[in-house]
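K.L.:
One letter stands for each residue in the lines below.
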Amino acid sequence: METKTGQPLIHLGVLEEALNLARANSLWPLTFGLACCAIEMMAAGASRFDLDRFGAGVFRPSPRQSDLMIVAGTISKKMAPAIVRLWDQMPAPKWVIAMGNCAISGGPFYYENQYAIVPGADLIIPVDVYVPGCPPRPEGLIEGILMLEEKITKRGRLRKFRDVNR
Amino acid sequence: MLTDSIPQALSPLNLEKVAPGDYAKTGYHLEVTAAPEQMPAVAQAMLNQGCFLESLTAVHTSKEAFTLVYHFANFYELCRTAVHAILPDGAEAPTISHIIPAADWYEREVYDLFGIKFSGHPNLKRLLLPEDAEIHPLRKEFAGEEAKAEAPK
Numbered sequence: 001m002e003t004k005t006g007q008p009l010i011h012l013g014v015l016e017e018a019l020n021l022a023r024a025n026s027l028w029p030l031t032f033g034l035a036c037c038a039i040e041m042m043a044a045g046a047s048r049f050d051l052d053r054f055g056a057g058v059f060r061p062s063p064r065q066s067d068l069m070i071v072a073g074t075i076s077k078k079m080a081p082a083i084v085r086l087w088d089q090m091p092a093p094k095w096v097i098a099m100g101n102c103a104i105s106g107g108p109f110y111y112e113n114q115y116a117i118v119p120g121a122d123l124i125i126p127v128d129v130y131v132p133g134c135p136p137r138p139e140g141l142i143e144g145i146l147m148l149e150e151k152i153t154k155r156g157r158l159r160k161f162r163d164v165n166r
Numbered sequence: 001m002l003t004d005s006i007p008q009a010l011s012p013l014n015l016e017k018v019a020p021g022d023y024a025k026t027g028y029h030l031e032v033t034a035a036p037e038q039m040p041a042v043a044q045a046m047l048n049q050g051c052f053l054e055s056l057t058a059v060h061t062s063k064e065a066f067t068l069v070y071h072f073a074n075f076y077e078l079c080r081t082a083v084h085a086i087l088p089d090g091a092e093a094p095t096i097s098h099i100i101p102a103a104d105w106y107e108r109e110v111y112d113l114f115g116i117k118f119s120g121h122p123n124l125k126r127l128l129l130p131e132d133a134e135i136h137p138l139r140k141e142f143a144g145e146e147a148k149a150e151a152p153k
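Heads up: the protein sequence lines correspond to chains A and F, in order.
Residues 1 to 166 in the working numbering are what the first sequence spells out, letter by letter.
Residues 1 to 153 in the working numbering are what the second sequence spells out, letter by letter.
No lab work stands behind these hints: they were computed from the structure.
Note that the coordinates shown come from a computational prediction; the quantities given were computed from them, not determined experimentally.
Among these hints, one or two may not hold up.
Once the Cα atoms are required to be at most 20 Å apart in a straight line, the calculated EDC-like pairs of lysine to aspartate or glutamate come out as [said to hold, decoys possible]:
id, chain 1, residue 1, chain 2, residue 2
1, F, Lys25, F, Glu77
2, A, Lys77, A, Asp122
3, A, Lys77, F, Asp132
4, A, Lys77, A, Asp67
5, A, Lys77, F, Asp89
6, A, Lys78, F, Glu92
7, F, Lys125, F, Asp89
8, F, Lys125, F, Glu145
9, A, Lys78, F, Asp132
10, A, Lys78, F, Glu109
11, A, Lys77, F, Glu92
12, A, Lys154, A, Glu112
13, A, Lys154, A, Asp50
14, A, Lys78, F, Glu131
15, A, Lys77, A, Glu112
16, F, Lys140, F, Asp89
17, A, Lys78, A, Asp67
18, A, Lys78, F, Glu134
19, A, Lys78, A, Glu17
20, F, Lys140, F, Glu109
21, F, Lys17, F, Glu31
22, F, Lys125, F, Glu92
23, F, Lys140, F, Glu64
24, F, Lys25, F, Glu54
25, F, Lys125, F, Glu109
26, F, Lys63, F, Asp132
27, F, Lys140, F, Glu92
28, A, Lys77, F, Glu145
29, A, Lys77, F, Glu109
30, A, Lys151, A, Asp122
31, F, Lys140, A, Asp88
32, F, Lys117, F, Glu77
33, F, Lys117, F, Glu145
Build out the structure end to end from the sequences listed, making use of the hints.
P.N.:
Set out below in structure tokens:
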């Protein structure tokens with residue numbers, strides 16, 4: 001968090017916690033999909049899986065209004081500069097979810113001496129949560145968003161329930 | 001019948017080969033071989049017959065030469081034509097994008113992946129690879145080591 005938002009001059013712990021709680025529960029993702037993972041991302045936003053339950057269903061068409069970038073798909077070398085520019089245009093605090101194997105490591109398109117893709121979103125932007133799968137199911141993406149909430153609030157919303165189930 | 005009228009329309013051009021193809025085997029009713037310099041005239045003739053450009057690509061057939069492959073089809077009648085044009089390595093092929101605008105991006109793609117230049121093309125820059133790339137990956141001599149130099153940032 002601190003590395004991304006910068007150290008505040010005055011640190012109000014309770015206020016920060018409240019703000020982080022608000023941020024975690026209203027993650028606005030940027031509307032952009034690079035490949036087939038975006039289909040699952042759309043499914044996650046639609047009625048059956050309903051990202052709005054977690055406050056993350058408000059897909060924004062502008063990077064200026066978003067605080068979460070879901071890198072959903074293969075990053076070609078041609079696309080990489082555009083992604084970096086979108087990331088730079090997002091206001092802090094901001095987070096990244098690398099969705100799917102392509103965004104994590106290049107996935108099936110990576111091989112030695114390949115010339116077309118960037119093998120991993122973390123080579124060009126800082127990634128917070130990795131969601132593996134090819135593509136991950138919408139539940140997987142939702143799990144990733146809940147993990148990100150935990151990372152932001154250092155508490156998360158479901159920890160209690162998980163601990164009870166264990 | 002286009003299978004009759006297309007050879008008729010192409011006959012004044014004195015092409016190397018205009019022959020009926022085995023549609024069941026190859027998927028083409030007409031097999032045409034032309035010189036690259038004749039392609040604008042061929043494209044114009046095909047356009048006059050109501051045919052559209054289905055695809056344009058190249059094959060690196062040998063160290064010395066490429067084969068440009070133009071595929072034409074028709075909206076109203078099933079008649080597919082394959083035009084092959086053998087182009088020596090380093091030579092420029094004349095563009096057909098002023099006759100068939102659909103060829104514009106196809107020619108950019110061929111230039112991008114094979115390094116074949118199309119003379120007279122209005123905007124011959126890379127289509128698929130980054131604009132500052134220095135590789136033409138579908139050439140025979142491309143082994144992949146060249147791509148390593150362009151490692152991700």
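K.L.:
Hint compliance check: list the failing hint numbers for this structure, sorted ascending.
P.N.:
4, 5, 6, 8, 11, 12, 13, 17, 19, 26, 31, 32 and 33
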